[in-house]
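Student: For the sequence shown, the residue numbers in the numbering used here are 1 to 433.
Heads up, a few of these hints could be off.
List time: in silico SDA-like cross-link candidates among lysine to any residue, alpha-carbon distance up to 25 angstroms [stated by the list, open to error]:
hint	residue 1	residue 2
1	Lys-70	Leu-167
2	Lys-42	Ala-96
3	Lys-42	Phe-263
4	Lys-270	Ala-93
5	Lys-70	Pro-242
6	Lys-270	Ser-425
7	Lys-42	Thr-262
8	Lys-270	Leu-333
9	Lys-270	Phe-53
10	Lys-270	Ala-52
11	Lys-42	Ala-93
12	Lys-270	Pro-192
13	Lys-270	Leu-384
For the record, the hints were derived by calculation from the structure and aren't laboratory data.
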Amino acid sequence: MGSVASLRGFFPREIYALFVVRLVVSAGSFVNPFLAMMLTMKLGYSQAAAGAFMSAVSVVSAAGLLAGGKLGDSLGRRPVLGGLQVLTAAAFAVCAVLGFVPAAPFVIAFGLGALSGTWPVMNAVVADCAPPERRKEAFALLYWGNNIGFSIGPLAAGFLFSMAPRLLFVGNALALSVAAAVVFRFVRETNPLLSAPSGAPGAEETAREAAEEPGPGTGRTSASDRAAKPAGGTLRILAADPVLLVFASLAALTAFVYNQHTFALPLYLKDMFGPEAGPPAFGAAMAVNGLTVVVCTALVTAVSRRWPALLAAAAGSVFYLLGFGAYAAAAGLVPILACTFAWTIGEILGATNNNVFIAERSPASHRGRINSAVSFCYILGNALAPLVSGPAMEALGSRAIWRPIGLLAGVGALGLAALYAWDRSLGPARATP
1 MGSVASLRGF FPREIYALFV VRLVVSAGSF VNPFLAMMLT MKLGYSQAAA GAFMSAVSVV
61 SAAGLLAGGK LGDSLGRRPV LGGLQVLTAA AFAVCAVLGF VPAAPFVIAF GLGALSGTWP
121 VMNAVVADCA PPERRKEAFA LLYWGNNIGF SIGPLAAGFL FSMAPRLLFV GNALALSVAA
181 AVVFRFVRET NPLLSAPSGA PGAEETAREA AEEPGPGTGR TSASDRAAKP AGGTLRILAA
241 DPVLLVFASL AALTAFVYNQ HTFALPLYLK DMFGPEAGPP AFGAAMAVNG LTVVVCTALV
301 TAVSRRWPAL LAAAAGSVFY LLGFGAYAAA AGLVPILACT FAWTIGEILG ATNNNVFIAE
361 RSPASHRGRI NSAVSFCYIL GNALAPLVSG PAMEALGSRA IWRPIGLLAG VGALGLAALY
421 AWDRSLGPAR ATP
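Use the sequences and the hints to build the structure in full.
Tutor: Following this line, the structure appears as structure tokens:
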């Protein structure tokens, strides 16, 4: 595979295609960021009802993740990835026709659930075709494209929401259609158990080798160990790999901390700066977040390139501690922006290393399902964030919440560091170097 990558550039063609897909999808992500405003301003939901509905959307998204990972492993990455994007585009097109009617939120929820199913499939494609020594850079490239798109999309969506809100659905549907076209045109089937024609010379050997593929660059998993895992299914793989199981639990904790920037932070800034200046302050913080990702991802990835994935993720949680925890002492916009910069560095470290670790622990035959299982835990943390933080902020005040959030980030950092030490103690047949 390395020779193929060298002929086509630093990465195989599929990685560059997925970079374009992530950029286009995020640049056209008009519906999801404005869902709360749609519910409250266009459909008359109360804030409590909107919050409950958005938590339900998280549950639907979790189901989509699990289904997408399973389908990608069994039916193929390419048809499932492109097909789910087309399905989501169709759902948003229906909403464009219906307008803001009572049924629209449920069609949106269906579309977002289908879209969630694409993420583990894309991660599996990267794990399938990126050279093992370049997987971290491959995930970083997709993450970079995702954030370039998000630095564009919300600005355009803000104007559309005020001037022609139905065009939010149209624009999102068009972006997904373009992304699906890129997938079908430039992404080959990468599932090693499906890409070799049945009955072709060496097909059985290819499938067997793929199922036994060791974690890239880890030197920790023997071929016989990998061969035994796929037959047991996803749950048995997780049960047989307690390190991966604990990592999934810590992913939920990390997501709980990280998702405070979408719920607790805007409310905190509204309380700090007032209802008029609060939203612009939040917009400035999100601009710093997006700009930091675009400018610093390559640098952070280069610095952490040789770090073990678990230790890099632990460092990311330390930056969450510094950023989110320091919001409690921030007094003014500049400190708020500095805190945002800090936790964004943590976001980069997590985004570029978590998927690498999952790829290292997953047999090729189950990569999509393992990705979706861990992502399910991440979405669980996302869903719990507003449900827990909302009552806490009402009871304690919006400033008081940040010290406990920082403490949880510190617990996550210690947990990931301890997990790395435990993994190492299991010996060279299991441990990540």
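Student: Each of the hints needs a verdict: does it hold here or not?
Tutor: Hints, verified against the model:
1. Lys-70 / Leu-167: violated, 33 angstroms
2. Lys-42 / Ala-96: holds, 14 angstroms
3. Lys-42 / Phe-263: With Cα atoms ~20 angstroms apart, Lys-42 and Phe-263 stay inside 25 angstroms; holds.
4. Lys-270 / Ala-93: Violated - the C-alpha atoms of Ala-93 and Lys-270 are around 34 angstroms apart, more than 25 angstroms.
5. Lys-70 / Pro-242: At roughly 21 angstroms apart (the allowed maximum being 25 angstroms), Pro-242 and Lys-70 satisfy the hint.
6. Lys-270 / Ser-425: The given pair, whose Cα atoms are some 48 angstroms apart, is violated under the 25 angstroms limit.
7. Lys-42 / Thr-262: holds, 20 angstroms
8. Lys-270 / Leu-333: Distance ~12 angstroms between Lys-270 and Leu-333 Cα, so the pair holds.
9. Lys-270 / Phe-53: holds, 23 angstroms
10. Lys-270 / Ala-52: holds, 21 angstroms
11. Lys-42 / Ala-93: holds, 18 angstroms
12. Lys-270 / Pro-192: Violated. Lys-270 to Pro-192 sits at ~51 angstroms, over the 25 angstroms cutoff.
13. Lys-270 / Leu-384: holds, 22 angstroms
In summary, the structure is inconsistent with hints 1, 4, 6 and 12 from the numbered list given earlier, while agreeing with the others.
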